[in-house]
Amino acid sequence: MRYLVGFGNYTSYDDSIGLRIVEHIAERGLEQGFRALDLSTNSLDLVSYLNADTEAVLIVDSARMGMAPGEVHFFTPEEVESRKEPGHLSTHEGDVLKVLELARAMGYPEPPILIMGIEPERVTSEIGLSKALEERLPGYAAAAITRLRDL
Amino acid sequence: MTKDLTINVHHLTRVEGHGNIVVNVSNGAIETCEWQVPEAPRFFEAMVRGRHYTEVARITSRICGICSVGHTLASLKATEAAPGIRISEQTRRLRELLKHAENFDSHVLHVYFLAAPDLLGVPSVFPLVATHGEVVARALRLKRLAHEWGSLIGGRTTHPTTAVPGGFARLPTARQLDELKQRLLAAVPDLAATLDTIVALAPRVPVFNRPTEYVALSADAQYGLYDGLVQSVLPDGRKERYPVASYRSVTNEYVVPASTAKYARHKLDSYAVGALARFNNNYDTLHPEAKKAAARLGLKPICTNPYMNTIAQVVEIVHSAHDGLRLIDELLADGIRDEGLVAPTTCASGAGAVEVPRGILFHEYAYDRDGMCLGGNCVIPTNQNHANIQHDFEKLVPELLAAEKGEKEVELSLEMLVRAYDPCVSCSTHYLDVTFVR
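Protein sequence lines, in the order shown, are assigned to chains A and C. Going by our numbering, 14 is the number at position 14 of the first sequence; the sequence numbering is gapless. Going by our numbering, 63 is the number at position 63 of the second sequence; the sequence numbering is gapless.
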């Protein structure tokens, strides 16, 4: 099985982009040959999908990367270092990179994993998306599906 | 006695959300001693205005990333109370099973990943991989079980999709329920091992007692997580019950300068909600296996040590697993029936309550005759605990100073106290913050 996993907080504006992509895919019946999952802020739940028969995982999430708002970059967990305070796994401090580090240390299977980072414009306590991201939502979904299939 | 001390913990870690601890002691006099909540309001009660009754639970579920099942169920109960929708027995059992999944999931996260590091003297779960690898492996197994349990019943664990007004949009099959039963039975050794671990750590739980009022849902026939009346138990053991519809007479919310969140009080200056409050109110209706767990852990009602809330969560993990098995057996015995959704007959206003991991949660809505929401009110458990945390601080800090505790010890004691309440201040952000190294 291939998984497209969205992380984020639906009520924190551009932080919700990963969940919006999953929602877009589900609403349009684009979930074919893979499962699209909304894991919200519960990054620890990713371990449920790190199985021996998992073919690939594409994580979609907002990411502060120093790029222009709305820009996308695909990267593997090995290509980055988290700037977040280490070791905290509450749903508020959750960091999927830390969860992957924990899973690796505990011997969980490591399927091919790719992260689709999308630079947020604004992360505030509000439901919605900034224009820079909303306009590109269909493109993000299409790109995510293509990369997951090729992974 | 400690004479001078300055503690300023900005955004306490290993709690859900943002809270600050500020203590200043000068020449033996306590000048400031505060639990501060600086979170901005999020206006969910405004967001539901003008929305159809079928949409409201999907919106309010987003209030919380951990208690989203509870927010969904409290919202559904309030919405269903308004037009007098009476759900089927099958729906009630499935919702109870879903509620157990959420409490089990959240308690495993809190006990193993947020509280245990304090008891083991490490800053996070990561150092435990090397020193307590089997404990971490077990924690991940239980967390995984909880997630998959909730996903089966709710469509997904976070922000469930299947629980809707009047019933379920999609039902688990008998085979899926039987598979869940087998997985829960297979987890019993992990529950026993959890007890062994926590029994070994229990002597490290700080001893601090402050009698207060405890409020929880309560029912005669079952441990009140999904259904019941609002019950209060006072330090002398007196209990009183109130209809859910009159919840405002219990919560009595008010504002204070140190916090953007509302505080609550009832018979005393403050009250507590959460696992310990449920345990103190409803010990008699715990599953027998959970009572055995409580005995091993040395937990007896009425316990007035707030640090023991984490221990009460362990008791509830055992309860949810075993009561979940009972519910599955009942569902399988009656057979899963494809029922239609129960439709409303009228629209008015209604209130609903469930117990989420952190305590009793109230939702209330008013609807017009077309089923459009006119307004809502949500009272979350963490807000009901803020005043109690503040009063605990006011008793604990002088005790620690009198015991000649230094700044770091006082700070850790206060941090552990707040973490014991397992506060979920409000959902914050999650985005990755990275530097490219290749």
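Misleading hints may appear alongside valid ones.
If you want the footprint, here are the derived chain A segments under chain C, 3+ residues with CB under 8 Å [claimed, not checked]:
no.: 1; segment: 34-48
no.: 2; segment: 99-107
no.: 3; segment: 133-143
One side only, chain C facing chain A, incomplete, derived with CB under 10 Å [stated by the list, open to error]:
no.: 4; residue: 42
no.: 5; residue: 59
no.: 6; residue: 131
no.: 7; residue: 133
no.: 8; residue: 156
no.: 9; residue: 242
no.: 10; residue: 303
no.: 11; residue: 325
no.: 12; residue: 326
Which residues of chain C face chain A? A few of them, derived with a C-beta cut under 8 Å, are [what the hints assert, rightly or not]:
no.: 13; residue: 65
no.: 14; residue: 147
no.: 15; residue: 222
Just so you know, these hints were derived from the structure itself, not from any lab. We treat Cβ as the ideally placed atom computed from N, Cα and C, and that holds for glycine.
Taking the hints in turn, this is what the structure says about them:
1. 34-48: holds (count 11)
2. 99-107: Contact hint for the segment 99-107 of chain A vs chain C: holds, 5 residues under 8 Å.
3. 133-143: violated (count 0)
4. 42: Result: holds, 5 Å to nearest chain A Cβ.
5. 59: 8 Å, holds
6. 131: 12 Å, violated
7. 133: 7 Å, holds
8. 156: Holds - the Cβ of residue 156 of chain C comes within 10 Å of chain A, reaching about 6 Å at its closest.
9. 242: Hint on residue 242 of chain C: violated, closest Cβ of chain A at ~31 Å, above 10 Å.
10. 303: 25 Å, violated
11. 325: Cβ of residue 325 of chain C sits 21 Å from chain A, so the hint is violated.
12. 326: 25 Å, violated
13. 65: 4 Å, holds
14. 147: 4 Å, holds
15. 222: Violated - the Cβ of residue 222 of chain C stays beyond 8 Å from chain A, reaching only about 28 Å at its closest.
Hint check: violations occur at hints 3, 6, 9, 10, 11, 12 and 15; the rest are consistent with the structure.
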